[in-house]
Amino acid sequence: MPSAWARFWVTLGPEIDRKEGLVLVSRSRDGALITSALKDYGLTPVAGSSSRGGREAARRMLHGLRAGSVAVMVPDGPRGPRRVFSEGAIRLATIARVPIVPCGAYAIPSRRLSSWDRMIFPLPFARCTAVVGMPVVPDGGEPSILAHELAASLNTTMDEAVVRCTAGRAP
1 MPSAWARFWV TLGPEIDRKE GLVLVSRSRD GALITSALKD YGLTPVAGSS
51 SRGGREAARR MLHGLRAGSV AVMVPDGPRG PRRVFSEGAI RLATIARVPI
101 VPCGAYAIPS RRLSSWDRMI FPLPFARCTA VVGMPVVPDG GEPSILAHEL
151 AASLNTTMDE AVVRCTAGRA P
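Numbering (our numbering), first residue to last: 1 to 171.
Hints listed in this document are in silico derivations from the structure and should not be mistaken for laboratory results. Check before you lean on any hint, since a few could be wrong.
[Claimed, not checked] Computed spacing ranges between beta-carbons, pair by pair: (1) G42 <-> P122: 27 to 33 Å; (2) S144 <-> R111: 30 to 36 Å; (3) A167 <-> S144: 24 to 30 Å; (4) E87 <-> P124: 35 to 41 Å.
Backbone N, C-alpha and C fix where the C-beta goes; we use that ideal spot for every residue, glycine too.
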């Protein structure tokens with residue numbers, strides 16, 4: 001059962017056209033924890049990665065995109081390197097003919113993991129800021145070039161989220 005907080009965020013009101021949100025998660029213990037949290041927020045987890053179940057997950061994501069869903073993918077893949085776009089997300093967006101929208105987020109107070117991705121976990125009552133970048137429509141060009149452009153855009157949104165979240169706070 002979703003918490004009252006989760007129900008608050010999921011309830012958007014009748015004037016907002018809500019689309020299904022598909023979120024790619026790994027088939028690991030960490031993925032299972034994320035899956036549990038996503039369901040509380042009304043999001044649909046799709047299990048798979050480049051190393052396990054990726055083809056099936058990509059098919060499911062493509063089917064959802066073509067049906068009008070929104071797909072959420074962490075762009076740096078299951079092993080990194082951090083903030084470097086894998087070409088899988090670009091290929092999927094190209095095939096589905098949908099834009100890629102870089103998003104960044106930050107929270108204070110939070111704890112940062114010492115893992116390769118340096119993931120942060122917001123602490124209770126944290127101030128959270130999310131920044132949405134400009135959509136990029138893959139034009140069928142070289143995926144590696146677009147990956148570099150998207151990584152730069154992602155870094156910009158991440159940096160802006162940190163600045164906005166920490167504005168007015170003592171260091």
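- request: Output the numbers, in ascending order, of every earlier hint that fails for this structure.
  value: Result: hints 1, 3 break, sorted rising.
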